[in-house]
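Engineer: Each chain, letter by letter, is given below.
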Amino acid sequence: MEVRLAPSGEAALRLTIDDADAETAWRTVHRIADWLNDRPIAGVFGGVPTYDSMLVEFDADRQSFETLAPLLRRLVREALTGEVEGGHAPRRFELPVVFGGEHGPDLGFVADHLGLTPDEVVDLCVAEDRVVRCLGGPAASCMFDGPRFPRPVPRLPDPRLEVPPGAVSLAGVQGVIGPVRAPSGWRLVGISPVAIMDVAAPRLVPYRPGDTVRLRAIDAEVWDDYAGVSMAELEIAS
Amino acid sequence: MRVLEAGLAVVTDLGRFEGPALGFSVNGALDQDSARLANILVGNPDAAPLVELTASTLRVVLEADALIAVTGAAARLVVDGASQPTRTPVSARRGAELELTVVGPGLRSYLAVRGGLDVPMLLGSCAPDTMIGFGARLASGTSLPERVATAPLRPGLFPVPLVRLDLPPLRLGDEPVIDVTDGPDRSEFGESYSALFSAPFRVDPRSNHVGLRLAGPAPVREADGEVLSRGVPIGAVEVPSREGLLVLHRGRGVTAGYPVLAVLTTTALDLIAQVAPGRQVRFRRVTLADAQREHRSRRARLAGIRQRCTAALAAHGVEPLAGSALVALDPLSAVDPDDRAA
Chain A
0 MEVRLAPSGE AALRLTIDDA DAETAWRTVH RIADWLNDRP IAGVFGGVPT
50 YDSMLVEFDA DRQSFETLAP LLRRLVREAL TGEVEGGHAP RRFELPVVFG
100 GEHGPDLGFV ADHLGLTPDE VVDLCVAEDR VVRCLGGPAA SCMFDGPRFP
150 RPVPRLPDPR LEVPPGAVSL AGVQGVIGPV RAPSGWRLVG ISPVAIMDVA
200 APRLVPYRPG DTVRLRAIDA EVWDDYAGVS MAELEIAS
Chain B
0 MRVLEAGLAV VTDLGRFEGP ALGFSVNGAL DQDSARLANI LVGNPDAAPL
50 VELTASTLRV VLEADALIAV TGAAARLVVD GASQPTRTPV SARRGAELEL
100 TVVGPGLRSY LAVRGGLDVP MLLGSCAPDT MIGFGARLAS GTSLPERVAT
150 APLRPGLFPV PLVRLDLPPL RLGDEPVIDV TDGPDRSEFG ESYSALFSAP
200 FRVDPRSNHV GLRLAGPAPV READGEVLSR GVPIGAVEVP SREGLLVLHR
250 GRGVTAGYPV LAVLTTTALD LIAQVAPGRQ VRFRRVTLAD AQREHRSRRA
300 RLAGIRQRCT AALAAHGVEP LAGSALVALD PLSAVDPDDR AA
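Residue numbers (numbering that gives the first Met the number 0), protein chains in the order written: chain A, 0 to 237; chain B, 0 to 341.
Only chain B is shown next, with the shape it has when bound in the complex:
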């Protein structure tokens, strides 16, 4: 595809998982569940490169017949002037102009193309790393070669969904609830830990893929003394000042010297990536077992959707990606097929 108008868009994937051990941030799609879902809807491996569009409009011309899907924040998808559904696979012809606008609720929408996009990789991932200057925002004129062409599945005039999945839209509510488990340094905050759960926090505009600043009455560290630099998890809640909190997201530097008060669940990390600056959130304390259960049930749900999609696409004559088309998207598929199915 060729970009006509880029908005705030990057090509990314699930992240650079080799990075942290080498001192680099993991990065990758901030709403992982939505990114996985977009890829699943078009029959890609979960980790295929796709477009992450933040609170803006992207216009592209397709340079090959394509099967696409949009997930994440509520978005308006228009193909050659005709409105098309999101959260379901959509066929579009070569030369079609595709306009995607994030309308919300939510901040970040994902656009996947069957076969993925051909982009440079670093340490096994295409995810942009703003610190080392790898990857780039899309700009007008950027060309993103599709790896695979997918002939139109339904040439008819009626916009009937190819697969009836009835996936619910993203819901945020007035005050999204952000689940956290206790952090490893919780005891340094004593009784004041409860302040985290007693009032809402407002998302500051100085928030991005590295971290979100949240304004509100923060817990106070009782211990003093310097903390030696140590590895900090994605989702770490830190208290750099009295005025608020810092929540680290996927662009975080891998080490820091602040105590970790609490850690967002993977579910909450996806959710907070969709909360616009100025909105309020409320923290809720959950157990590690709850967080694990939630994580696994969300992945099981995605596995179920993958099964239904694969079957529906096959019924339209779209075979699963295989051979070099698959290996290029997912190097692990060549060595570890049984693991992948798990």
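Looking at chain A on its own, in the form it has when it is part of the complex:
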């Protein structure tokens, strides 16, 4: 496995794990990010890990690519041999989602593109637990592996100027749950009536990378039953 470090301006660098299977690369960058975030280093703001890479941001007055590179290389080696402890016990959430109709205007397109019926697409969406791979922009969006579709889902040619909070969207082989109203170029297949974000909570969103989310299809008629419910309350036993 190769570790590639690339400067990203004088105040950030990108660490990429090459030549490893996707699961190992993902596990490694998240373990290092947890380690960095649990043991702050003077002048290092923290890591933004995603799939096979991590952005590390720092104060260029106190740190540099040259000073951080050896430390990060060592952390990767130790993460691989299990010497770097990090992470947290994974949690599991169940998220009710209204698929299709006005809540999921792209469900039909996705079904047509895949040669499936809309119901078959929903069945694949709810078929298994989805691992939270990373927290992405904007606003700690919950990025998860897409359903086992026969092929990737193309993005919208023209992004929507906004989708509501709780939007469940798909693109490529990825899926995302958006905590806030935001622009989106992904295919909107459903919306959850549950409040994803709570600005009074320490981390604002309940999920962390490594947790799992099980989507559950509900009827639009029961939308109002979820008024005032937050995702943090929907943790279920593993």
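Just so you know, not all the hints are guaranteed correct.
Taking CB as the label site, the calculated pair distances span [stated by the list, open to error]:
id, chain 1, residue 1, chain 2, residue 2, range
1, A, P39, B, T286, 26 to 36 Å
2, B, V176, A, E232, 51 to 61 Å
3, A, R213, B, T309, 56 to 66 Å
4, A, D197, B, R93, 34 to 44 Å
5, B, T309, A, A88, 46 to 56 Å
6, A, R3, B, R295, 23 to 33 Å
7, B, A314, A, D17, 56 to 66 Å
8, B, G189, A, V228, 47 to 57 Å
9, A, D17, B, E318, 51 to 61 Å
Chain B regions said to be covered by chain A (calculated; three or more residues, Cβ under 8 Å) [as the list claims (entries may be wrong)]:
id, region
10, 246 to 257
11, 291 to 298
FYI, nobody ran anything at the bench for these hints, they're computed from the structure.
Cβ atoms here follow ideal geometry from the backbone N, Cα and C, with glycine treated the same way.
Since chain A is already given, all that's left is putting chain B on it; use the hints.
Structural biologist: Same frame as chain A, but now just chain B:
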């Protein structure tokens, strides 16, 4: 202070540095150097909450005697009808009406008040985050309690500066030069990378704290295939379309799926935050070592100004902020005093 007329103003600070690791944008003052300077001029920690005013006029009434300073874009400061200097500390009495107008060159001016302003915090920062709806633009009637009152330092009639710093005004030139270092994905653009440096780019009106769109002949990506979402740095230059570039600023979402062609230096990020839509900029390629040197020399310059200001304010009987007044502005000061001095 109480706001009479808000213009486009927010209370911000240097940013939410805990945010990106949790998936949130860092945000904070877009011209960091000017924000730091404003706070330094009034004896605040660099990261104290202050007002960022964008290309407009702000009018407020002070609700306590205050020591204030204005930095950033060239601005007209009028206190109770009398013109006052910028880039230097100014005393103003309780009840005084203060009018600040960004006249340019530049887009964003900063107004700091000694002791800072009492505003809500989220993850250690008051910086507005438009995505999650935290913080707000100021509006007529908004009250921003001053944390500390500072008695007038010079009751006389003559507008003699309290400290003679002779700080230069913001200079942009006809075609501001925006320094970049090579981005981690530069090789995906092959020879066309040089297009970034061969012609000027025009700042599009669809530009804000999230990012600036720049119109011009953009480099073309040679590689194809989807890019997995990954963390993108502030200052990333991306090429979402043939017609131009996107430069990410402090409100950027922390991840994206576009290759990063180049990255603005921290100096260039401050500068481009001052360039108005419609103006042209020109990119210049610098080495990482140059960018680092420039960054550190600018911070050293600010440290020098802090020393002179602290001494001058002390000579007027203004002691450094301490105890709870300081800790409220800068929680790190309570735990890490030696580090802060560095």
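Engineer: Which hints, by number, does the structure contradict?
Structural biologist: The structure conflicts with no hint, since it agrees with every one listed earlier.
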